[in-house]
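**Q** Listed here are the chains, written in short residue letters.
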Amino acid sequence: MTSPLQQKIKIAGPSIVTANRTWDGIVVYRTAGKGWSAELADAAIVRNSDEAKALLAEAVADDVGAIGPYIAPVQLGDDGKIEPGNLREQIRKAGVTIELPAQG
Amino acid sequence: MYAYDEIDRTLVNERVSEFRDQVQRRLSGELTEDEFKMLRLQNGVYLQLHAYMFRVAIPYGTLASNQLRALAHVARKYDRGYGHFTTRQNIQFNWIKLSDLPDALADLAEVGIHAMQTSGNNMRNVTSDQWAGVAPGEIEDPRIWSELIRQHTTLHPEFSFLPRKFKIAITASDHDRAAIKVHDIGLRLIKNEKGETGFEVLVGGGLGRTPFIGKTIKHFVHGRDLLSYIEAILRVYNQYGRRDNIYKARIKILVHELGIEKFSREVEEEWQHLRNSSLQIDDEVIEDIRSRFIYPAYEKLPHMPDELRQAAADPDFEAWRKNSVAPHKNPGYSIVTISLKPIGAPPGDATAEQMDALADLADKYSFGELRVGHEQNLALPHVAKRDLPALWKALDKLGLATPNVNLITDIIACPGLDYCSLANARSIPIAQELTRRFANHELANLIGRLHINISGCINACGHHHVGHIGILGVEKNGEEIYQITIGGRADESAALGNLIGPGVKFDEVADVVEDIVEAYLALRERPEELFVDTVKRLGVEPFKERVYATR
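These protein sequences, in sequence, are chains A and B.
Here our numbering is used: the first residue of the first sequence is 181, the next is one more, and so on.
Here our numbering is used: the first residue of the second sequence is 20, the next is one more, and so on.
Hints may contain errors.
Simulated crosslink set (DMTMM-like; lysine to aspartate or glutamate; CA at most 20 angstroms straight-line) [as the list claims (entries may be wrong)]: (1) B/Lys563 to B/Glu527; (2) B/Lys116 to A/Asp230; (3) B/Lys96 to A/Glu219; (4) A/Lys273 to B/Glu494; (5) B/Lys96 to B/Asp126; (6) B/Lys524 to B/Glu564; (7) B/Lys495 to A/Asp204; (8) B/Lys555 to B/Glu527; (9) B/Lys116 to B/Glu49; (10) B/Lys116 to A/Asp242; (11) B/Lys186 to B/Asp510; (12) B/Lys56 to A/Asp230; (13) B/Lys237 to B/Glu303; (14) B/Lys56 to A/Glu219; (15) A/Lys188 to A/Glu219; (16) A/Lys261 to A/Asp204; (17) B/Lys319 to A/Asp243; (18) B/Lys186 to B/Glu215; (19) B/Lys56 to A/Asp204; (20) A/Lys273 to B/Glu498; (21) B/Lys412 to B/Glu326; (22) B/Lys213 to B/Asp301; (23) B/Lys348 to B/Glu159; (24) B/Lys210 to B/Glu564; (25) B/Lys234 to B/Glu511; (26) B/Lys116 to A/Asp222; (27) B/Lys348 to B/Glu494.
Think of the hints as simulated: they come from the structure by calculation, not from any bench.
Please read these numbers as outputs of a predicted model, since none were measured by experiment.
Based on the sequences and whatever the hints tell you, model everything.
**A** Next up, the structure:
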């Protein structure tokens with residue numbers, strides 16, 4: 181499989197890098213502080229292909245921290261709030277759209 | 020039930036230790052994800068949208084009550100209190116932590132279950148008829164042969180790095196409940212004129228991006244030659260199957276591109292080198308496996324006990340009995356299908372509490388044994404008819420007596436975009452809405468047998484191609500769009516459905532299905548004509564007209 185860094189990176193708007201945390205698999209976002217956060221609000225925003233490529237390269241290098249990093253689109257509100265840019269990312273952020281059984 | 024021997028137990032335990040070491044090395048950074056990925060896949064561990072997903076095999080769909088309790092324990096201790104039964108006699112846990120997986124596997128190993136080869140490019144869980152061993156008219160129990168193949172192929176080095184995953188299903192009844200025609204190899208157990216056991220072998224079936232119905236490659240392979248013949252097929256596949264393009268790597272593409280005649284010639288040639296080798300199966304081997312399948316000590320019981328006669332006065336019991344209870348080879352007993360399709364719930368899900376309670380009911384009423392079917396329902400295979408009313412009451416208390424088996428709300432659905440990293444669209448909410456639309460039992464009964472299958476992407480885990488009504492979710496310009504096919508079926512007359520027209524939006528799917536069903540009710544020649552037969556008689560046009568006339 182082609183490494184994410186070998187793929188052509190083209191972004192259409194503000195984007196972030198997301199992955200799943202290695203030890204437990206939860207959704208995480210790459211932060212500007214070269215770490216990972218479970219909060220989308222903490223994600224580093226990239227606005228062009230070079231920035232996206234650099235952030236992705238940094239994320240890929242942290243193989244122990246998180247797996248499968250990729251660039252995902254986001255929408256920025258007037259107040260700067262970061263919202264997922266598509267349904268898949270909306271579901272990853274907010275969880276399944278169905279009711280789960282109550283845990284006993 | 021099948022009783023594992025010391026070799027099986029050692030193998031499973033060693034595998035747990037090995038995987039524990041691999042996980043530790045991954046978490047410490049000694050193994051990269053690229054190095055680890057194949058190892059986790061070979062142990063049933065995927066990465067999905069929100070977490071790791073852990074897929075556990077239920078070989079040929081047979082499960083002991085203590086094994087179901089162990090699955091409930093894993094759901095409760097390591098996951099979020101429920102599991103999802105799949106279309107290939109597996110169960111999946113959706114929220115498990117990588118760091119917990121070795122412990123979960125160790126807990127399962129204590130009761131002889133594992134996750135080996137539930138993913139990856141190897142021989143997957145060998146599936147069979149969930150009524151195997153108890154169905155009236157069955158030639159013989161196909162699980163004996165499933166177990167033979169399982170033993171031979173588990174961790175077989177030659178089959179561990181195939182071009183792509185490989186799935187085998189076996190049936191021994193006229194009515195195919197194992198969907199053998201949509202498997203890489205489908206085996207139909209038959210007898211020759213001498214009364215010897217053998218198999219009609221089908222090859223190259225499959226769904227996904229490029230669906231095909233399997234083709235008969237050999238009309239009779241003697242039981243003693245089964246392993247050598249399967250191995251010959253796999254060797255030809257291993258040699259010629261494409262590894263450069265994942266979308267063209269399944270055996271169905273090879274069979275299609277070579278043609279069944281050329282493919283079968285290649286297999287025949289390979290087989291001549293193998294058939295008289297050590298792969299030839301001695302009768303003692305089969306008898307040893309047969310002896311490890313322990314059958315209940317059935318009592319001689321009446322066909323129509325008083326308890327059943329009295330309960331027949333209750334219309335709710337009768338509604339459930341008619342849909343959920345099937346004849347057993349022993350006339351005093353029944354096979355009871357337990358619907359995991361309550362109205363408004365995700366198809367195939369069971370909570371840990373339900374699993375524990377079902378294990379208790381299996382102990383009380385079914386000699387401690389359960390079955391898992393590809394329709395994502397469970398079954399109790401040995402229920403005395405006198406116990407049916409009491410069992411029904413107990414199931415009803417658990418929310419597991421929905422009288423909809425084989426009806427329109429008995430929907431097969433993949434996890435879809437709510438969970439799956441491959442999905443383009445959601446499946447479960449579509450299924451939930453459809454069950455609400457058709458919740459009225461009288462209406463569902465009036466419609467009769469109708470299978471809806473839903474997949475959230477072209478990989479077709481919901482087997483939409485072979486649904487009487489198939490629903491495929493795709494993504495178009497950022498929106499979920501659903502393509503609808505009709506006329507598919509997965510049984511002995513397996514067929515692929517035909518598209519009725521342009522895709523429709525998420526909110527329109529249930530309306531469209533209602534239109535299709537209304538058209539069917541108006542068009543059928545008589546109440547006994549099943550939906551799928553009406554479609555076969557008339558084609559898609561009248562349904563298409565009905566759906567798109569006002570859209």
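**Q** All hints, please: hold or fail.
**A** Tested hints:
Pair hint lysine 563 of chain B plus glutamate 527 of chain B holds up; C-alpha atoms about 15 angstroms apart against a cutoff of 20 angstroms. Pair hint lysine 116 of chain B plus aspartate 230 of chain A does not hold up; C-alpha atoms about 34 angstroms apart against a cutoff of 20 angstroms. Distance restraint check for lysine 96 of chain B and glutamate 219 of chain A: the Cα-Cα separation of roughly 26 angstroms exceeds the 20 angstroms cut-off, and the hinted pair is therefore not satisfied. At roughly 19 angstroms between alpha-carbon atoms, lysine 273 of chain A and glutamate 494 of chain B fall within 20 angstroms of each other, so this suggested pair holds.
This hinted pair checks out: lysine 96 of chain B and aspartate 126 of chain B have alpha carbons roughly 10 angstroms apart, not beyond 20 angstroms. Annotation: proposed proximity of lysine 524 of chain B to glutamate 564 of chain B holds, straight-line Cα distance about 18 angstroms (limit 20 angstroms). A threshold of 20 angstroms between alpha carbons decides the hint, and for lysine 495 of chain B with aspartate 204 of chain A the separation of about 32 angstroms lies outside it, so the pair is violated. Taken as a hint, the lysine 555 of chain B and glutamate 527 of chain B pair is broken in the structure, with Cα atoms around 25 angstroms apart against an allowance of 20 angstroms.
Restraint check for lysine 116 of chain B and glutamate 49 of chain B: satisfied, since their Cα atoms lie roughly 19 angstroms apart, inside the 20 angstroms limit. Distance hint between lysine 116 of chain B and aspartate 242 of chain A is fulfilled; the C-alpha atoms sit about 19 angstroms from each other, no more than 20 angstroms. Note on lysine 186 of chain B and aspartate 510 of chain B: the hinted pairing holds, with a Cα-Cα distance of about 17 angstroms set against a maximum of 20 angstroms. Taking the CA atoms of lysine 56 of chain B and aspartate 230 of chain A, the gap is about 29 angstroms. The hint is violated against a cut of 20 angstroms.
Our distance criterion of 20 angstroms between C-alpha atoms is broken by lysine 237 of chain B and glutamate 303 of chain B, whose separation comes to about 25 angstroms. Pair hint lysine 56 of chain B plus glutamate 219 of chain A does not hold up; C-alpha atoms about 26 angstroms apart against a cutoff of 20 angstroms. About 27 angstroms separates the Cα atoms of lysine 188 of chain A and glutamate 219 of chain A, which puts this hinted pair outside 20 angstroms; it is violated. Using a Cα cut-off of 20 angstroms, the hinted pair lysine 261 of chain A and aspartate 204 of chain A is violated, with the two alpha carbons roughly 27 angstroms apart.
Distance hint between lysine 319 of chain B and aspartate 243 of chain A is unfulfilled; the C-alpha atoms sit about 63 angstroms from each other, more than 20 angstroms. As the CA atoms of lysine 186 of chain B and glutamate 215 of chain B are separated by approximately 26 angstroms, the hinted pair breaks the 20 angstroms bound. With a C-alpha separation of about 15 angstroms, the suggested pair lysine 56 of chain B and aspartate 204 of chain A falls inside the 20 angstroms cut-off, and the hint holds. Restraint check for lysine 273 of chain A and glutamate 498 of chain B: satisfied, since their Cα atoms lie roughly 18 angstroms apart, inside the 20 angstroms limit.
For the suggested pair lysine 412 of chain B and glutamate 326 of chain B, the alpha carbons sit about 13 angstroms apart, so the restraint of at most 20 angstroms is met. This hinted pair checks out: lysine 213 of chain B and aspartate 301 of chain B have alpha carbons roughly 18 angstroms apart, not beyond 20 angstroms. Taking the CA atoms of lysine 348 of chain B and glutamate 159 of chain B, the gap is near 11 angstroms; set against the 20 angstroms cutoff, the hint holds. At roughly 47 angstroms between alpha-carbon atoms, lysine 210 of chain B and glutamate 564 of chain B are farther apart than 20 angstroms, so this suggested pair is violated.
With a C-alpha separation of about 12 angstroms, the suggested pair lysine 234 of chain B and glutamate 511 of chain B falls inside the 20 angstroms cut-off, and the hint holds. About 23 angstroms separates the Cα atoms of lysine 116 of chain B and aspartate 222 of chain A, which puts this hinted pair outside 20 angstroms; it is violated. Of the supplied pair hints, the one linking lysine 348 of chain B and glutamate 494 of chain B is violated, its CA atoms being roughly 47 angstroms apart against a limit of 20 angstroms.
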